[in-house]
Amino acid sequence: MVQGLQAFNRTRFLTGPLALFDLSLGIMALGFPTVYLSLLEPTSVHVSTYMLQRTGIIWLGFFAAETIAFFFYDRLPEWVLIVAVMRVDDVPADLFYRFADHELGWFGKWTLMLTPAFNIVAGVALFVMYFRARRQWMAGLEPKPLATPAP
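Going from the sequence shown to this note's numbering is simple: count from 1 and add 160.
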């Protein structure tokens with residue numbers, strides 16, 4: 161059981177920082193959208209910020225999933241898989257934003273080039289950790305999390 165739980169313990173090195181990052185993005189986009197946009201699109205004139213604020217709520221949803229995966233990885237390992245899917249799913253959205261928005265400043269361009277690569281690496285790493293631990297459970301080498309120990 162130790163090896164599988166160690167795999168999930170390693171997920172905390174990703175889920176913890178990801179949760180903090182998405183919390184900060186969510187708060188910034190929802191509460192301070194003009195500041196957020198001035199960093200990414202400094203030359204743009206923004207009439208409406210509702211879509212960015214909507215995205216902020218989505219990032220807070222990412223934060224919630226990553227927080228559950230961080231604190232309950234041993235009892236609810238499926239949340240690690242959910243976070244992996246969320247990270248990989250974000251890649252095309254970031255790439256679209258990077259190449260469709262012609263008003264991005266240098267910070268926005270670099271940020272939206274680095275985040276897809278990071279999200280692929282983080283998502284794949286979480287997939288690998290989840291499925292390695294799952295393989296141990298399926299082979300009967302370790303009890304599945306939530307299994308009660310024998311008396």
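Derived by calculation from the structure, the hints in this document are not laboratory data.
Think of the CB as a built atom: it goes at the ideal place given N, C-alpha and C, for glycine as much as any other residue.
Incorrect hints may appear among the rest.
What follows is a set of in silico ranges between Cβ atoms, one per label pair, in the way DEER data are often shown [to be verified]:
1) L274 to S198: 18 to 24 Å
2) A299 to G191: 27 to 33 Å
3) S208 to L236: 35 to 41 Å
4) T194 to A277: 40 to 46 Å
- Unmet hints by their number, sorted upward, for this structure: 2 and 4
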